[in-house]
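There are 2 protein chains.
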Amino acid sequence: MSKQTSRQVVLRARPAAIPQAEHFAIEEADVPALADGQLLVHNSHLSVDPAMRGWVSATANYSEPVAIGEVMRSFAVGEIVASQHPDFRPGEIVMGMFGWQELAVVTPDAVWRRVREDDLPRSLALGALGLNGLTAWAGVHRVLRPRPGSTVVVSSAAGAVGSAVGQLAAAEGCRTIGIAGGPEKARWCVDEYGFDVGLDYRSETFVNDLAQATPDGVDHYFDNTSGPITDAVLQRLTTHSSVLVCGTAAISSWDPWPTGPRTERIVLTQRARIEGFLAFDHLDALPEAVEQLAEMVRSGALTYREHILDGLESAPGAIAMLYAGTNTGKLVVEL
Amino acid sequence: MSKQTSRQVVLRARPAAIPQAEHFAIEEADVPALADGQLLVHNSHLSVDPAMRGWVSATANYSEPVAIGEVMRSFAVGEIVASQHPDFRPGEIVMGMFGWQELAVVTPDAVWRRVREDDLPRSLALGALGLNGLTAWAGVHRVLRPRPGSTVVVSSAAGAVGSAVGQLAAAEGCRTIGIAGGPEKARWCVDEYGFDVGLDYRSETFVNDLAQATPDGVDHYFDNTSGPITDAVLQRLTTHSSVLVCGTAAISSWDPWPTGPRTERIVLTQRARIEGFLAFDHLDALPEAVEQLAEMVRSGALTYREHILDGLESAPGAIAMLYAGTNTGKLVVEL
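Top to bottom, those sequences are chains A and B. Last residue of the first sequence: number 335 in the UniProt record's numbering, and the count goes up by one each step with no gaps. Last residue of the second sequence: number 335 in the UniProt record's numbering, and the count goes up by one each step with no gaps.
Rather than coming from a laboratory, the hints here were simulated on the basis of the structure. Where a beta carbon is used, it is the ideal one built from N, C-alpha and C, also for glycine. Do not take every clue at face value.
Among the chain B residues that face chain A by a calculated CB cut under 8 Å, a handful are [what the hints assert, rightly or not]:
| no. | residue |
| --- | --- |
| 1 | Arg122 |
| 2 | Thr248 |
| 3 | Gly260 |
| 4 | Leu268 |
Computed footprint of chain B on chain A; a stretch qualifies when at least three of its residues, placed anywhere within it, have a C-beta under 8 Å from a C-beta of chain B [claimed, not checked]:
| no. | region |
| --- | --- |
| 5 | 222 to 236 |
| 6 | 246 to 253 |
| 7 | 273 to 286 |
Looking at chain A on its own, in the form it has when it is part of the complex:
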């Protein structure tokens, strides 16, 4: 085999807050020969996820930070083009932690799953049938566990995770309230994702709108934002309610550490439960989640939006798009 090269996005500088294009560089590197047990994956789609901010942060997180000069950690989907492992063969489509690069040399522990639903777009393996879908599915079914008739509120409800959370909760017979930024996204919540109510948190009447939309209070809250949205929702928690903390998109920096209204009195008087959530803790649920979510996509019960960026050059600035909210669906870089 002739010597191959691969273009890759590497971390150039550690961002203090939201990673911007300038924190990354695009480089061309030789692809090493495969060692025993390794696979060569040719990525077709790279994922852009809010969690990537944490992966490049120097502050303590659930994983080691990406080192300066290292390929940016990310989910990707691609085709195996060479294999030195008996369980994988060329031609298989796989999804996993393959990084922001064209060609990835990986071991099987980087592979999250084989993508077998070839009747559906392959990019879905990064969104509704990937990390986002697993996050929504396990968050609803394993942590919040809402009963029919209960009120479920979701922040970043027009996003890749939030929109799936709303549809999964609706499938359980819940009343669903989606919170998003701007009147257009609030309308999507209702028109595309089937929320009973869509609220624009940028509206001056937001706190009152939320009260109107939740006359019996909030039984479950799937929180992707923290910040003032969360402060307003927590005030409406009911007895024995539950809150899943999945993201903190509304907090642009944790240095200096931000303050907010103390939550202990609400937690105590309502005997509420607030629980942090990481999809990585629920990998065992992936086969069941993907099977159910794929069936919902096929039947039309799960609607999704994708926002496809073209080419590796668009990756460095893509995380900032997420935090600015300028993406219109699950953000994917197509190579």
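Chain B: place on chain A using the hints.
Positioned in the frame of chain A, the structure of chain B alone reads:
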């Protein structure tokens, strides 16, 4: 039966913050004749609990506020002196919600339990074998569920609940860290209640002392205080740790609503669980809890302190003593 009168402590004004003696008045009232199904209890000991602040607060709470002019709601222990109910007979000792008064006319739903451990001081039915004991027992065994070898931190650790929490956690094989106000109470934590370490939160080196005492972080936190103590403990939470919110003694007023460091990032990255706790939700555990706790008292495995005030006149100022931390044990008014 000749007409009886009873002295009682009534709520005179609604406190904005910590209830003080001036918010109550002592009155003498006629005791009505018993109706069918009622009991007359002659209280011997009245309880003073931190939760009583919430019971007289106008702000939303888990129970209706005590009305102005009404007898102050409280636990008490006493002897049945007359009964118009077939399941209760004069001479029985009972514990329940009998209020700050000498004689209480109640129905059986006010009775929490019959006090049968006549080898132990009757006042214990208000502390280690009452609400405090149930709170500690259910908090440890039903909510925190610590494993042997894990690190358990308790605030207000020299208090009636905290000291029992530490001893129950130690009985499970946990490393226990007690936090209390002042060097004397910190010393009690270790010398009397068997905590591995006692910390004085008033010390200038408290945050550092806590870090030294918890080299492997904090796996479980039984929080009676909120405030800066809690802010320091949360920074040391480990992955999949749990926090029980039992009280907010460090917050003197919720109007205006106090702010503090946002907790969402810690909850998220550690996948921590924060849960509000109310002993009233665990009444079904009372028989099992009392049986085990009484056995621990008899064997010396559960040490307690009582601070007995003399006479009904001492009740009105007693809640403020709790919040000032001037009591030296479970605060009880003996009639």
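Now for the hints, and whether the structure bears them out:
1. Checking B/Arg122 against chain A: minimum C-beta separation of about 30 Å lies over 8 Å; hint violated.
2. Taking 8 Å as the C-beta contact cut-off toward chain A, the hint placing B/Thr248 at the interface holds, the least distance being around 5 Å.
3. Interface hint at B/Gly260: satisfied, since its Cβ lies 5 Å from the closest Cβ of chain A, which is below the 8 Å cut-off.
4. Proximity of B/Leu268 to chain A holds as hinted, the smallest CB-CB distance being about 4 Å (cut-off 8 Å).
5. A count of 3 residues in the region 222 to 236 of chain A with a Cβ less than 8 Å from any Cβ of chain B is obtained; the coverage claim is therefore met, three being the minimum.
6. With 4 residues bearing a CB less than 8 Å from a CB of chain B, the region 246 to 253 of chain A meets the requirement of three and the coverage assertion stands.
7. With 7 residues carrying a beta carbon less than 8 Å from a beta carbon of chain B, the region 273 to 286 of chain A meets the three-residue requirement, and the given coverage holds.
Hint violations for this structure: number 1 only, all remaining hints satisfied.
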